[in-house]
Amino acid sequence: MGHVDRAREFVADADRTGWHDRALWFVRTKRDRAADLVPDWEALRERASEIKRFALGQLPELWCEFEENAIRAGAVVHWARDGHEHNEIIARLLQERRIERVVKSKSMLTEECGLNPHLEACGIEVVDTDLGERIVQLRNESPSHIVMPAIHLRRGEIGELFAEKMGSPPGLDDPTELTAIARRDLRDRFLRAQAGLTGINFAVAETGGFVVVTNEGNADLGTALPKLHIASVGLEKIIPRQADLAVFLRLLARSATGQAITAYTSHFRGPRPPSPDPQELHIVVVDNGRSHLLGRPAFREALACIRCGACLNTCPVYRRSGGHSYGATVPGPIGSVLETSRDPATHAELPHACSLCGSCSDVCPVRIPLHHQLLAFRGELARGGHQRRSRRAALGLIGWLFARPSGYRWLGRSGRFLARRLPTARLNALVSPWTRQRTLPEIPEASFRELYARRRAAENDR
Amino acid sequence: MRIALFVPCYIDQLKPAIGLAALDVLETFGFEVDFPEAQTCCGQAFLTAGETRAADRLFDRYLDVFDDFDQIVALSGSCAATIRRHLPSRRASSRAEGVAGRTLEFSEFLVENGVAMRNLGRFPHRVGLHSNCHALRELRLGTASEIREPERMDPARRLLSSIRELQLVDLTRPDECCGFGGIFSIEEEAVSCRMGLDRLADHRLANAEVITSTDVSCLFQLAGLADKAGFEFRAMHLAELLAESLADVIRGSSREFDPSSRDVGAGQEGMDRTDGSR
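Respectively, the protein sequence lines represent chains A and B.
Those letters in the first sequence? Residues 1 to 462, per my numbering, in order.
Those letters in the second sequence? Residues 1 to 278, per my numbering, in order.
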């Protein structure tokens, strides 16, 4: 089942589609208002894009600089070619220290690598501590949004889930009450955790430090007590200077949720100071297809992504088809680019889950030309054999005819002739997906070019 | 100045009246336009379906057909966007740059030539303007709602606001996509229709009697959905709306036409032909 079928299923629930659309549009409008309060938003976007383009051109140098500085600050840096290596490194670090319980703050990278199932198979308990991510973890689902993992669920559904998994009274749907229940449950897990796992939003080359942003403080809480902090980071998250944070932090929260700043912006540099309780800090830098994307000029800018989710919130298709319809770790426009680049055979449909309206590219805080990349992928996938042969043959034939005025005229004339004479039901069946919910325009007897010729002839007669 | 009219394939074959209306409007304001008959299609449908070879062939045809013209007026924002934004990158040459740069969308052409300052007649209806994504975000006619810059009025709105008694309605999401998207409307039928129905709901909420746009493909989508759902709307291409607002002028019954009612510069010449030069 691909995006088309899963989206059809989602849309079939008209109410859910409606509130999903409205909830995300609300976030989009909050973003608009927050951006309005920044004196020169567009210049800030341009600056961010420039820094990212520079960084992508210097990745090896910047990461070496980062590694050197991180080591100097007392951290250990690991390099993982792919998701599997990333998972193995973390599992080994935990097993060497006989760790059985870990808490993890939100990280799309660990989702991408499938870290949770890997650790669970090793007998290690992983608890996601971001409320939304905890909810989808309890439901055995993947996040449906990269910033709001449980945006596809209604409050009542979360009440039912908590009743089932945490023994709360059934029928709750008050957000404050539900949050308090999750909080009580998580508090104990925080206290008992032997290691804290986090992602990284920005790795700063010149300091060897990094920043993790959350709204719930769960990254701070999860790393404050345990003696081990492991941070996973994708190759694209490096920025050259500490000062660059001033650009990205202003853009990130505003683009993501319309907040001026996230509730917590946690800066880490080296492990927590030794006394009274020494801590180890390990940083796992992951490639997993990123360097491949870097080598493709038409698509490399997608690596500038800061995972704010604004392109999901604004995407009219995402809002009406839900994150799970994409069948990918990262849904929405940016996901369609990243996932198709990683695995074109599986995700060939995703670049077509887009009406090419271009809203994503205009909302993107780092100006990734997302819809142009999706368009470019369509051509590449068709040429690469990832498109139905019948579709290619039909379009090829029409294209061949269209390239010749006589062929074009013939196709138009015979098409109209047929359409005007076929019984409506037959005609509708012939163009079926169009006519399921739409009528066809009334088919005219003559084309514009015929009418034009008649008109000019009449003028000349006068 | 030689001006060519580019009539998108779907207007040529399915809505020829729009082409005639555009011709009427252009001629009313004194523009002599040619319709080179060797034209077929801009290639957009093939490009967006991923069939780049077919698109490239049509791009070459477009260049051959329109190379000789000083200005090409396209009756569709998305076709004009295909030519301006995509043709030059796939057919890199100074000739391609030139032809692409000389291709203007219909409302853009009119406003650039001062037509918004002329008497555009009257149209006593509540009108919802459906913004065409590609006119907005590829041609940058107007400021997209995502962009935080001082708003530039898009030429279609500029023209509509010059028509007497026309009431432009306010939409809650003035530039959201209608869900057409070429082959997307077929392959992602469910999402596409939901997008269109949501747009219609917005226009209904604003009590629009007429939905107008510079792109007929969007209107096929909206009118097709409205028709099936039993909503009463008139879907009109901007050229049709202008032809109707200017009806008296076009019919040449200058009795009802009073140039002094809009005392703006060019209006004083009334409908005298201008040479249309820029």
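Source of the hints: derived by calculation from the structure; they are not laboratory data.
Don't take every hint at face value.
[Claimed, not checked] Just so you have them, the derived chain A footprint on chain B, three or more residues with Cβ under 8 Å:
1. 94-105
2. 109-117
3. 178-187
4. 216-225
Just so it is clear, the structure is predicted and the values come from calculations on it, not from any experiment.
From the three backbone atoms N, C-alpha and C, an ideal C-beta is built for every residue, glycine too.
Here's how the hints hold up against the structure:
no.: 1; hint: 94-105; in the structure: violated (count 0)
no.: 2; hint: 109-117; in the structure: violated (count 0)
no.: 3; hint: 178-187; in the structure: holds (count 9)
no.: 4; hint: 216-225; in the structure: holds (count 5)
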